Amino acid sequence: MNWNTALPLLIVGSSLLPGLVIFFLAEKRVAVRITLNLFGAVLKLVLVGVMLWGVFHGEHYEARLPLLPGLDLVVRAGPLSMLFVTLSTGLWLVTTIYAIGYLEESPHRSRFFGFFSLCVTATVGLALAGNLITFILFYELLTLATYPLVVHRGTEVARLAGKNYLFYTVGGGALLLIGTVWLYTLTGTLEFTSRGFVSGLETSHQPALVIIFVLIIAGLGVKAALLPFHGWLPQAMVAPAPVSALLHAVAVVKAGAFGIVRVLYDVYGIEFAASLGVTLPLAVIASATIIYGSIRALYQDNLKRRLAFSTVSQVSYITLGVAIVGPIATVGGLLHLVHQGVQKITLFFCAGNLAETLGIHKISMMNGVGRRMPWTMTAFTIGAFGMIGVPPLAGFISKWYLGLGAMQADQDWVILILAGSSLLNAAYFLPILHTAWFKAPPDSWLLERDFGRRETAWALLIPPLVTAGLTVLLGLLASAPFTPLEWARFFANQEYVQ
Amino acid sequence: MNCEHALLLLMVPGLPLLLAIPVLRRQFPWSIYIALLPVVMLLISQANFEVELPWMFLGNSSLAVNELSRWWLAMSVVAWLVAATALYLFHDHDVDNSRLPTFFLLCLSGQLGAILANDIVSFFAFSSLMSYAFYGLMADGGGAAAKRAGRVFLVMLVIADIVLFEALLIAASATHDLEFSSIASGVEESTSFNLYLSLVFVGFALKAGFWPFHVWLPLAYASANRVTILLLWIVPAATGLLGIIRWIPFGDIVVPVLGILLQGIGVGAMLFALIFALRQVQPGQIFAYAIIMVTGSIVAVMGISLADPVFWEQYGRWLPLGVTFIGWGLTAVIISPVWMRWRHTPADGNEELQWYERWPQAVLRQGGQAGYETLPGLYASWSGKWRNFRFNQVWQRVLDVVERGLRLWTSAIVLFLLLAMLITIIHFGFQYG
Numbered sequence: 000m001n002w003n004t005a006l007p008l009l010i011v012g013s014s015l016l017p018g019l020v021i022f023f024l025a026e027k028r029v030a031v032r033i034t035l036n037l038f039g040a041v042l043k044l045v046l047v048g049v050m051l052w053g054v055f056h057g058e059h060y061e062a063r064l065p066l067l068p069g070l071d072l073v074v075r076a077g078p079l080s081m082l083f084v085t086l087s088t089g090l091w092l093v094t095t096i097y098a099i100g101y102l103e104e105s106p107h108r109s110r111f112f113g114f115f116s117l118c119v120t121a122t123v124g125l126a127l128a129g130n131l132i133t134f135i136l137f138y139e140l141l142t143l144a145t146y147p148l149v150v151h152r153g154t155e156v157a158r159l160a161g162k163n164y165l166f167y168t169v170g171g172g173a174l175l176l177i178g179t180v181w182l183y184t185l186t187g188t189l190e191f192t193s194r195g196f197v198s199g200l201e202t203s204h205q206p207a208l209v210i211i212f213v214l215i216i217a218g219l220g221v222k223a224a225l226l227p228f229h230g231w232l233p234q235a236m237v238a239p240a241p242v243s244a245l246l247h248a249v250a251v252v253k254a255g256a257f258g259i260v261r262v263l264y265d266v267y268g269i270e271f272a273a274s275l276g277v278t279l280p281l282a283v284i285a286s287a288t289i290i291y292g293s294i295r296a297l298y299q300d301n302l303k304r305r306l307a308f309s310t311v312s313q314v315s316y317i318t319l320g321v322a323i324v325g326p327i328a329t330v331g332g333l334l335h336l337v338h339q340g341v342q343k344i345t346l347f348f349c350a351g352n353l354a355e356t357l358g359i360h361k362i363s364m365m366n367g368v369g370r371r372m373p374w375t376m377t378a379f380t381i382g383a384f385g386m387i388g389v390p391p392l393a394g395f396i397s398k399w400y401l402g403l404g405a406m407q408a409d410q411d412w413v414i415l416i417l418a419g420s421s422l423l424n425a426a427y428f429l430p431i432l433h434t435a436w437f438k439a440p441p442d443s444w445l446l447e448r449d450f451g452r453r454e455t456a457w458a459l460l461i462p463p464l465v466t467a468g469l470t471v472l473l474g475l476l477a478s479a480p481f482t483p484l485e486w487a488r489f490f491a492n493q494e495y496v497q
Numbered sequence: 000m001n002c003e004h005a006l007l008l009l010m011v012p013g014l015p016l017l018l019a020i021p022v023l024r025r026q027f028p029w030s031i032y033i034a035l036l037p038v039v040m041l042l043i044s045q046a047n048f049e050v051e052l053p054w055m056f057l058g059n060s061s062l063a064v065n066e067l068s069r070w071w072l073a074m075s076v077v078a079w080l081v082a083a084t085a086l087y088l089f090h091d092h093d094v095d096n097s098r099l100p101t102f103f104l105l106c107l108s109g110q111l112g113a114i115l116a117n118d119i120v121s122f123f124a125f126s127s128l129m130s131y132a133f134y135g136l137m138a139d140g141g142g143a144a145a146k147r148a149g150r151v152f153l154v155m156l157v158i159a160d161i162v163l164f165e166a167l168l169i170a171a172s173a174t175h176d177l178e179f180s181s182i183a184s185g186v187e188e189s190t191s192f193n194l195y196l197s198l199v200f201v202g203f204a205l206k207a208g209f210w211p212f213h214v215w216l217p218l219a220y221a222s223a224n225r226v227t228i229l230l231l232w233i234v235p236a237a238t239g240l241l242g243i244i245r246w247i248p249f250g251d252i253v254v255p256v257l258g259i260l261l262q263g264i265g266v267g268a269m270l271f272a273l274i275f276a277l278r279q280v281q282p283g284q285i286f287a288y289a290i291i292m293v294t295g296s297i298v299a300v301m302g303i304s305l306a307d308p309v310f311w312e313q314y315g316r317w318l319p320l321g322v323t324f325i326g327w328g329l330t331a332v333i334i335s336p337v338w339m340r341w342r343h344t345p346a347d348g349n350e351e352l353q354w355y356e357r358w359p360q361a362v363l364r365q366g367g368q369a370g371y372e373t374l375p376g377l378y379a380s381w382s383g384k385w386r387n388f389r390f391n392q393v394w395q396r397v398l399d400v401v402e403r404g405l406r407l408w409t410s411a412i413v414l415f416l417l418l419a420m421l422i423t424i425i426h427f428g429f430q431y432g
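Chains as they are written, first to last, in numbering that gives the first Met the number 0: chain V, 0 to 497; chain A, 0 to 432.
If you are wondering where the hints come from, they were derived from the structure by calculation, not from laboratory data. Where hints are given, some of them may not hold.
[Said to hold, decoys possible] Cut-off 30 Å, straight-line C-alpha distance, at most; resulting in silico cross-link-like pairs (DSBU-like, lysine-lysine):
id, chain 1, residue 1, chain 2, residue 2
1, V, K438, V, K361
2, A, K146, V, K361
3, A, K146, V, K438
4, V, K162, V, K361
[Unchecked claim] A short, non-exhaustive set of chain V residues, derived as facing chain A with CB atoms under 7 Å:
id, residue
5, Y298
6, A418
7, A425
8, F437
9, A477
10, A479
Here the structure is a predicted model, which is why all the values come from computation and not from measurement. Each residue gets a CB set at the ideal place from its N, CA and C atoms; glycine is no exception.
Just chain A, with the same shape it has in the complex (with noise of 0.2 Å):
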């Protein structure tokens, strides 16, 4: 490796967190192409290489491109320079002044930065950037149905970053070397290796909106902006993949029962996205019931290679070939209707459904309302329950309460020590004076 190919490695994460900052990215026209730069020539350059950052995070960190990196970077590239072209051509402000740019270079600095990390805590570190960042993309300038599905959003990733906070913490109890080559024997040998998988698939469920943690998904497609939608795949998802596969060591581990559980809400997310996919009636809600379904196929795939690692070794190497085409094929299935109506827009401003419109809803009028009524229906229904448990003020003042006790209790608790104290002095000095 030499000197250039570690600076391109940097720059790939490196450029875009500089230009996220407003003040640089207003010098540069274009900015969001120019941050994309960096990570189109990586990907011209055939080779295959690694930057040790020994004073990065705890020590032992680094960046590296490699065969499933490529993939994902791959697939990434496509979709970052579709949506930056739908940001410059289908946002209604100007793009340079307004906060969407900040938060889209955050979350593609994140999500580079993980397709490239080498080690878990920095990939940890970077799908953080990218999940924080994401999540200002899907409530920036939009509706209350969008920030709604933010707040669904932001608030299983707080969940999973803490679950998954917890299996770094067995992987690094197990490992000294949280790289990931390192982390399949270290893991494997630890007594907590159960609790670290499980953990390790709570966690990116929740982050990635995986079945059964998939309730802000269908919000997020139907309500947040066209750019935003157009990275639902690769951003949370298709990391979350990526982070199940760098994390566990697939094809080393036989783990049958655990294995045979994924298999089964694998098929369960299947039929769910199946059922509810055909009683939707927006159209970009079809998107989200996809996804699903696609992510439940691949976490039973993922399950069926722990419970036969040959299974893994087999096929597990169409897996990032995979990921990437359903990447390439969504972003094209997500564009093709905005762009053709962007085209086509007739000119007294009246929408006519277009060809490519007609299909869906055709498919959409099989179903009723009733499916997605209902998952949200509840979900606002036990959110406005703890909202009044959470706000009540009866709790508010109980609190109060106890906290006058408490200064109370601190006079007192002074004053006893001070008096036990006075005893324990007259004692000594009655035994030794």
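Next up, chain V with everything else stripped away, as it sits in the complex (with noise of 0.2 Å):
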């Protein structure tokens, strides 16, 4: 084994060992627990960062062990795979900090600390996965190792919602595994190809491959919260500010999306599927659900809960970028894989920092919170605009590269619907801003906690800012080396320039 095999599973194995042994502390062992958290996500910083590194130059990262006769597990980098690795240790480390500083008082916190490594775990080999046998399996623990976070809290609602997620993620996975085997005992092979393995087919098996493809969209939609299988995301809501980063940002939904991207792409091959038509019915689905999200956050008075909606209607400009099909789309809808996450990640850190320090959980309780909390609600004010798509935040080069995705492939209907979320993405995110930052505050909060001179502890007020920055400097500085923009167009232009 060299270091070219060793390093794919240093990477997924960098928070495996450490969440494995967090579950075995005992609560009050918080220094260990916190070393150990922060040691397993800088060392996976810096791995993915060596990795990173070594793919721009060429470098061939894999490994491979044997799982079934003919099936083995593979971990394989890639362009594609790369930026979402990247997206989710970047961002499991400010969520790790976040989560620190969260459940600081918190029972179970070591239950907690280990189903989340497990967590990013799960995403990192899903991300890394070379077949679609290896991604399935991530796939599967990332729903299992979610479910205990979504249920941490113990409340009624929290078992509710944790059923339901669990309902939806399960028959999700099933209808995936169907299709897979399915997939499986026509080609013979589920190892991932840049034009897709599937592609080389006969064409009697079109109508097979057709049934097999909604299956396995049907299975990733769930994760991915397309219409009509989005349900449980915002009820998934009630679990921590933490969880919910997790489950919006850096991992579940991004999963789903990410699996829909690599059918497309590595399995289907994207030419074979427009010629199958079935990338167009994809993006009409992705399109009602990008509208219908932002109409059903508009209604929202929960904070978390319009939140909730507008990752429903966000996450699926990533499918409409893909389904559109042409290299310009790709690149948005890539794109906003990242840039969704990094400003969804800082919207939900500074709800989970409304809730934890004045009690705030209704937007019709946030009058004058930008007095109260500056930095907090000055990093809520970027992501959201960062979401409205307001130049020179990152989602205005998502959407822009989405749009222009759109007229170069001749698809000028979705220029409507770009528009038409923009409209309702202001809607419902700038009465937050207009009633936190300039309607005059009321003369004591619900529940104050008491930080001295700041506004909330650090490792609440850091991940924020932080995110917030990223989102400011991913749009501004969009077209330097190493950046989600550098990343999407070398996949697009390996995809489909040949």
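Mind docking these for me? Both chains are given alone in their own frames, and the hints should help you get the complex.
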């Protein structure tokens, strides 16, 4: 085993091992737990940095372990996987810091952080998966590792949300598995390839391939919160804020969206999928989800619930981008995978800060909160403007490429969807900002915790400021080297220019 | 171009942006004046130059100072200096510890950046920063009327940004280089050229408050704080005009139909402003209608130029000069009563009308309140209806029912897919087995 074989395994293992150790730590071993958490997160980030550099310079990283006869467990680095791995790893570090601050005084922290580490292990594993079976294994691990986090509070509402989450995701997983097995019987391989391993099949298999596509996309669409499989996501907002961040930005919904990209490009091949006629219906479903999610968000007074419906809407940009079929739209979709993650995690961190510091859960309770928590609300403002697509923030760049890609692919109706969605985004985010910055604050807050001269704890304040800063930088310096834009272009060039 | 020039150019929008951070701003007394130093230095230096920013935005971004931008900078720097002085002199609270300077500096950064932008994406980005910060200026510390003006402005702004975004996409699909100099030839050959022109005009008209999208402008003049009133010409209106001049290649294109339409709109705006200005009761609103009249006349000039490019070649160069002098003039007219009142406030606090305030009163007596009350009343009535419609519980209930239905459908679809799969497997099993 050489370095290029070991590195993908080390990246997966760097969160798995600390996670397993944390499970067995006593509650009072706070320092050890924090050290292990941060050590795992930083080590993973360094290793991903090394791999990123290597992939950029043409190195090939792959590890293959025998699983079943004819099927290996494969982890492999490529431009698409690196985009998702870097996002998950980077955001995991800030989420870990945030979670340490957020759960400072809550029970069952060893259990929480153990599953937390398992979650990121599963996410990185599925990002690096080199074939569909490896992807499914990590995908299901993600489902199982996330469930205890959703029900972490142990309340009746949390248990109900967890049950719902499990029902949806296990059902989706079953569809995905069945589709995969069926595909395997037709192709005899599940190895991801640049033009898709399905594209070489005879035309007589096309009806079956369409059904398989529907099964697999329905299975992945549950996690990607595609209409009508989105119901679990708004309910799961009862989970603690770091878990919401994990669900909405780092792992779960992103895993679904990433899976759809993988299936379209590396399983079916985008041109073959288009020839089967499955991409246009997918684009239509994604568009319907975008508009529906935004309309639902408009009516929510609960801040996290509004953000959850916003995720339903925003994540479908990724699906829409790849379903439009074209290099520029693909760049837009992939960029949004990263940009939405950074922006949405900022918003959830801020929502958590408001809840933990002042007991604010509803938008109607946010009057003048910008005066009490200016840094938190500055970060929130940046995240919200990014979501609307205001330049020069990250969201503008991804919407730009989506719009341009739609024009390039002669799908002008997508422009109307983008315009309508931006208008709705503004309609549900700007009133929050107006309420927070320009309305008079109340005489006292519902539940005010004292942090001295600071507005809240450092561990809660720094993560949203970092991710808000990233939102600005990813937009302002979008064309700099090593940015998500460059990686997305790298991937699109590989797929389309040959 | 040397390194100092590039640094100076970057500092013009960069320094106000940095000083907008309250922690930094509080370290420097008179921070707003400090923020204006680079632009003053840039105006003193006579050279025209450009700095390319290949890493920014979508690549190919650049900032440049040239003849056109110098006029806008000259106008802006005077207005911003006066507004900064007004902020320090007339603001009721501790300026350094209030939020107004933050919005002020963000707006300054955006406006100066938009003037120096050499490509449409940079212009769009800086003008968005300027406009959203300007909303902050309007809403911060203002009363209910100012907040209402701010809300109307915000709605217009959001729609304007979406419209301009579509125009940007058309321009980008027609030409890969988004510099203003390349847009002219690229967009002209596009099949969506007329759509592009229309979107640019509508977008900037919404953003800048041109007639007939001016609703917020009289409200803002009547209710916003003094600092904001001083900036109402140079921030939304003059920057909007600059945007149109930059985004549309006047003099190179002939579009007679749009040209005639714009002439009609321009004349309509002037007539509207004239009639309504005579019927106002609040002195502040006179300025709003003066602006509508001026922008109307400029739109008419643009219309003539689209119909006859020779007109633009002959007279177009005078437009920046005109805009600049109007900017200086308006600044002087707005600030002088405030300044004189501040200098001559009676000790007992009774504010008597000064000589310079009597003539508008005489003019105002000529007009009734009908026009003034009709439009806001109409707006309030429709906005109330819209609010009722939006928050009507029925809609929420309908959506909730849809949501519950979708959940049932999700289960049904999963079961259906499983069933379909089972049937297909059995079918294939029999066929191949």
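Taking the hints in turn, this is what the structure says about them:
no.	hint	result
1	V:K438 / V:K361	holds, 15 Å
2	A:K146 / V:K361	holds, 22 Å
3	A:K146 / V:K438	holds, 10 Å
4	V:K162 / V:K361	holds, 25 Å
5	Y298	holds, 5 Å
6	A418	holds, 5 Å
7	A425	holds, 4 Å
8	F437	holds, 5 Å
9	A477	holds, 6 Å
10	A479	holds, 4 Å
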